[in-house]
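Undergrad: Chain by chain, the residues:
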Amino acid sequence: MAEFLIETIGLPIWLAWTCIAGLSAVLILNVIAGGALVFIWAERKIAARIQDRLGPTRTGGRFGWLQSLADGIKLLAKEDLMPDGADALLFRLAPYVSFCASFCAFIALPFAFDTVGQRLNVGVFFVVAVLGLEVFGVILAGYASASKWSLFGAMREAAQVVSYEVPLGMCVVVPVMLAGSMDLVTIGEKQAGWATNWFIFHDPFTFIIFWVYCTCAIASVNRAPFDLAEAESELVAGFHTEYSGLRWSFFFMAEYGSMFLVSALAAILFLGGWNGPIPVSELLGLSDGVSATDPFALRIVGCMNLFLKATAGVLLMMWIRWTLPRLRIDQVMTTCLKYCTPIAAAMFLGVMLWQLFLPGGLVAGSFRAAAGVREGWLEQSYRKESADEESLSVKTLSRHVFEVSR
Amino acid sequence: MNQASFGISVSLFASIDWHGFFFLLFAAIACVAALMVVLSNNVVRMALHLVLSLGATAGLFFLAGAEFVGAMQLMIYVGGTLVLLVFGVMLTAQTQLVSLRTPAGDRVIASILAAALLAVLVQAAFSIESWQKPGQGMVSAPTATPLGMALVGVRVDQHAEEGLLAPKSGYLLPFEIVSVHLLVVLIGAAYLARAKRRRVPRPVDLVASVDSVEPRSSGNSSTTILSGGSE
Amino acid sequence: MIIALLGVASVSHYLVVGAILFSCGVVCMAVKRNALGVLMGIELVLNGANLNFVAFGSNYLAADGKSPLGLDGEVMALFVILLAAAEAAVALAITLNFYNNHATVDVDRADDLHG
Numbered sequence: 095m096a097e098f099l100i101e102t103i104g105l106p107i108w109l110a111w112t113c114i115a116g117l118s119a120v121l122i123l124n125v126i127a128g129g130a131l132v133f134i135w136a137e138r139k140i141a142a143r144i145q146d147r148l149g150p151t152r153t154g155g156r157f158g159w160l161q162s163l164a165d166g167i168k169l170l171a172k173e174d175l176m177p178d179g180a181d182a183l184l185f186r187l188a189p190y191v192s193f194c195a196s197f198c199a200f201i202a203l204p205f206a207f208d209t210v211g212q213r214l215n216v217g218v219f220f221v222v223a224v225l226g227l228e229v230f231g232v233i234l235a236g237y238a239s240a241s242k243w244s245l246f247g248a249m250r251e252a253a254q255v256v257s258y259e260v261p262l263g264m265c266v267v268v269p270v271m272l273a274g275s276m277d278l279v280t281i282g283e284k285q286a287g288w289a290t291n292w293f294i295f296h297d298p299f300t301f302i303i304f305w306v307y308c309t310c311a312i313a314s315v316n317r318a319p320f321d322l323a324e325a326e327s328e329l330v331a332g333f334h335t336e337y338s339g340l341r342w343s344f345f346f347m348a349e350y351g352s353m354f355l356v357s358a359l360a361a362i363l364f365l366g367g368w369n370g371p372i373p374v375s376e377l378l379g380l381s382d383g384v385s386a387t388d389p390f391a392l393r394i395v396g397c398m399n400l401f402l403k404a405t406a407g408v409l410l411m412m413w414i415r416w417t418l419p420r421l422r423i424d425q426v427m428t429t430c431l432k433y434c435t436p437i438a439a440a441m442f443l444g445v446m447l448w449q450l451f452l453p454g455g456l457v458a459g460s461f462r463a464a465a466g467v468r469e470g471w472l473e474q475s476y477r478k479e480s481a482d483e484e485s486l487s488v489k490t491l492s493r494h495v496f497e498v499s500r
Numbered sequence: 473m474n475q476a477s478f479g480i481s482v483s484l485f486a487s488i489d490w491h492g493f494f495f496l497l498f499a500a501i502a503c504v505a506a507l508m509v510v511l512s513n514n515v516v517r518m519a520l521h522l523v524l525s526l527g528a529t530a531g532l533f534f535l536a537g538a539e540f541v542g543a544m545q546l547m548i549y550v551g552g553t554l555v556l557l558v559f560g561v562m563l564t565a566q567t568q569l570v571s572l573r574t575p576a577g578d579r580v581i582a583s584i585l586a587a588a589l590l591a592v593l594v595q596a597a598f599s600i601e602s603w604q605k606p607g608q609g610m611v612s613a614p615t616a617t618p619l620g621m622a623l624v625g626v627r628v629d630q631h632a633e634e635g636l637l638a639p640k641s642g643y644l645l646p647f648e649i650v651s652v653h654l655l656v657v658l659i660g661a662a663y664l665a666r667a668k669r670r671r672v673p674r675p676v677d678l679v680a681s682v683d684s685v686e687p688r689s690s691g692n693s694s695t696t697i698l699s700g701g702s703e
Numbered sequence: 024m025i026i027a028l029l030g031v032a033s034v035s036h037y038l039v040v041g042a043i044l045f046s047c048g049v050v051c052m053a054v055k056r057n058a059l060g061v062l063m064g065i066e067l068v069l070n071g072a073n074l075n076f077v078a079f080g081s082n083y084l085a086a087d088g089k090s091p092l093g094l095d096g097e098v099m100a101l102f103v104i105l106l107a108a109a110e111a112a113v114a115l116a117i118t119l120n121f122y123n124n125h126a127t128v129d130v131d132r133a134d135d136l137h138g
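Protein chains in written order, with our numbering: chain A, 95 to 500; chain B, 473 to 703; chain C, 24 to 138.
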């Protein structure tokens with residue numbers, strides 16, 4: 095697109111890139127804001143159905159589908175209050191810190207092949223790291239509100255997030271190991287083809303670690319049953335007790351943004367990313383399996399695939415929220431340190447051993463090993479990698495090492 | 473359409489203006505925030521400015537082409553260490569009780585010394601000519617993979633001609649030492665910070681019991697009396 | 024305008040930023056009476072040093088496209104980050120212990136061994 099701007103319209107290079115950067119930013123912002131509108135409505139409807147109610151029915155016609163827009167207008171019209179003892183600067187800053195962290199993490203998140211704000215070589219870690227910064231918004235809000243409830247909520251959040259980064263990091267490393275790259279685009283592309291290529295079905299260990307990831311992801315975005323920072327039955331509303339109006343809504347945009355983000359990350363890491371369960375385009379002969387030559391329409395289909403999977407993840411989180419009771423803080427810590435971390439570590443080891451002895455995964459790997467086509471498959475994957483414009487991946491490097499040592 | 477459709481490829485930073493612009497932006501944020509850490513008296517504000525400063529430093533790492541180090545800086549430093557620091561600040565928050573202001577004399581002496589140090593360092597930074605020449609501006613290969621290989625003992629960036637397995641200058645041993653060190657630190661920190669049982673009331677409890685209506689110890693003794701009576 | 028004056032960033036520019044961070048950290052360590060403030064000063068100093076490591080190790084910034092330090096700079100920076108995390112954990116544990124015993128985090132009050 096930038097090439098188009100430079101060559102056809104004749105913009106200078108820096109201006110063209112600025113336009114593209116702005117366009118990307120606006121698109122990502124729309125994903126977050128539009129997503130929040132839809133998800134708030136969905137949350138209301140799902141909560142209502144689970145509690146045997148109807149939820150919003152009248153706003154905007156049949157299903158109350160304009161409800162979140164009405165909510166937004168109500169929030170805009172609300173008075174913006176600040177407590178007397180509050181630290182004014184930090185109090186004003188906190189919601190934006192939360193929102194910016196959530197927004198920045200989207201920069202490195204691919205929506206389809208190469209449809210990404212900035213393709214980063216360390217994409218996975220960038221996303222997880224930036225998502226972890228969201229906690230600062232909560233901590234600042236809790237401190238600056240000059241309220242005991244807020245401070246308690248912030249302290250809980252800080253303890254929880256620092257603890258859950260450990261198992262979350264371990265879970266995220268497993269697909270990185272399988273794909274041989276930290277680039278999210280490469281990780282997604284490695285799972286192209288039938289659904290058996292998805293990393294969740296790679297072997298039994300990845301199947302288990304996917305659920306560990308789900309637990310940790312829910313905890314790290316502060317959703318029930320891990321929403322101790324805003325436990326409304328104990329702490330009034332936790333860290334956002336003193337917030338109202340638009341600032342309050344920024345916290346919620348950030349929360350729904352990060353929910354969508356961790357779901358999309360789960361989809362890319364474990365559920366095949368933008369690849370559907372059946373390689374329809376390949377079967378129809380629309381593409382040769384090397385996505386670099388995919389037509390534009392296929393990318394849109396890929397986007398839809400990813401959005402579908404991520405939305406399913408978000409809906410799952412809502413289902414869990416309205417089903418499970420909230421954990422106590424000691425139970426939260428027990429879940430993290432006594433269950434999630436050891437399980438993640440053991441599964442990590444298991445995946446490593448599996449990869450060593452049976453590369454290629456459970457279904458595909460065993461069939462290919464049985465058919466004795468493993469050597470050919472390696473050759474093919476090597477060619478695919480070198481077709482990729484990325485530099486040497488770990489796999490090819492280790493192969494070089496192997497050859498040299500022979 | 474072979475390239476990123478609406479993506480920004482790395483060549484954005486290859487254009488001279490943008491690299492300079494972002495360097496200036498991140499450098500300014502890092503320096504100003506570091507100054508604010510020194511000047512501010514409120515510990516939480518100091519922590520916030522430290523976050524800004526270290527985050528901007530991570531941006532500088534990204535600009536210098538060290539993506540992995542930048543991401544690690546964000547993940548470990550900003551997301552882990554600083555959250556821990558803020559946690560410590562909140563556990564020990566006591567601004568109402570004691571004012572921890574430094575005498576002005578100390579401040580002046582420290583600033584003079586620091587200015588002298590800064591002058592020496594800046595002079596040293598511009599002392600070598602090859603350091604002042606700007607880079608070629610060419611995008612080098614990503615360093616994350618060679619970095620990982622180096623940490624497990626294979627230097628793919630050097631010695632390519634002599635055979636990659638030459639046991640020369642990998643970082644396997646330091647890597648192992650650091651991991652054992654981290655384990656020791658984990659256990660040590662948990663041991664140091666654990667709640668100890670004491671007979672003598674701590675000063676903290678004494679301070680707390682002054683303004684609390686019902687001291688904690690009396691509640692405990694009453695429950696022991698109750699349980700003793702029931703037995 | 025100012026960007027044009029600056030030209031593209033070179034190793035020296037990174038060193039200057041590192042030097043400023045370092046000096047700020049030193050002042051912070053010397054001046055703050057809050058133990059956590061001292062800790063923050065240490066983090067700043069380590070970051071200044073880290074910036075130098077990365078600048079020297081960056082092929083991108085090197086004048087001839089091949090940095091003198093190569094990959095070693097980034098590896099050193101990684102180790103510094105790891106050790107800084109370890110150092111912060113232990114220092115924080117000590118601070119909390121000190122706070123439990125003395126009800127303050129004022130480093131000037133840590134004079135129990137003073138004869």
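Treat each hint with caution, since some may be false.
In silico contact screen, one side only, chain B against chain C (beta carbon under 7 Å); selected entries [unchecked claim]:
{"id": "1", "residue": "LEU507"}
{"id": "2", "residue": "ASN513"}
{"id": "3", "residue": "VAL516"}
{"id": "4", "residue": "LEU522"}
{"id": "5", "residue": "ALA538"}
{"id": "6", "residue": "MET544"}
{"id": "7", "residue": "VAL561"}
{"id": "8", "residue": "MET562"}
{"id": "9", "residue": "THR564"}
{"id": "10", "residue": "THR574"}
{"id": "11", "residue": "LEU593"}
{"id": "12", "residue": "TRP603"}
{"id": "13", "residue": "ALA622"}
{"id": "14", "residue": "VAL624"}
{"id": "15", "residue": "GLY625"}
Calculated from the structure, these hints are not laboratory results. Just so you know, even glycine gets a beta-carbon here, dropped at the ideal spot from N, CA and C.
Undergrad: Closer than 7 Å between Cβ atoms is the bar; does LEU593(B) clear it against chain C? Give me holds or violated.
TA: Holds: closest Cβ of chain C sits about 4 Å from LEU593(B), inside 7 Å.
Undergrad: For the hint on VAL624(B), just tell me whether its beta-carbon gets within less than 7 Å of chain C.
TA: Interface hint status for VAL624(B): violated (12 Å vs cutoff 7 Å).
Undergrad: Quick check on the hint: GLY625(B) CB to chain C CB, less than 7 Å?
TA: violated (12 Å)
Undergrad: Closer than 7 Å between Cβ atoms is the bar; does MET562(B) clear it against chain C? Give me holds or violated.
TA: Violated - the Cβ of MET562(B) stays beyond 7 Å from chain C, reaching only about 10 Å at its closest.
Undergrad: For the hint on VAL516(B), just tell me whether its beta-carbon gets within less than 7 Å of chain C.
TA: Hint on VAL516(B): violated, closest Cβ of chain C at ~10 Å, above 7 Å.
Undergrad: Are LEU522(B) and chain C close enough, Cβ to Cβ, to be under 7 Å, as the hint says?
TA: holds (5 Å)
Undergrad: Given a cut of 7 Å on the nearest C-beta pair, is the interface hint for MET544(B) held or broken against chain C?
TA: Since chain C brings a Cβ to about 6 Å from MET544(B), closer than 7 Å, the hint holds.
Undergrad: Quick check on THR564(B) please, does its C-beta sit within 7 Å of some C-beta on chain C?
TA: holds (5 Å)
Undergrad: Quick one, is the TRP603(B) hint okay against chain C at 7 Å, beta carbons?
TA: holds (4 Å)
Undergrad: Tell me if ALA622(B) is really an interface residue toward chain C, meaning its C-beta lies closer than 7 Å to one of theirs.
TA: Given a least distance of 6 Å, the restraint on ALA622(B) holds.
Undergrad: Are LEU507(B) and chain C close enough, Cβ to Cβ, to be under 7 Å, as the hint says?
TA: holds (6 Å)
Undergrad: Can ALA538(B) be said to touch chain C, with a Cβ gap under 7 Å?
TA: holds (5 Å)
Consistency note: the structure conflicts with the earlier hints numbered 2, 3, 8, 14 and 15.
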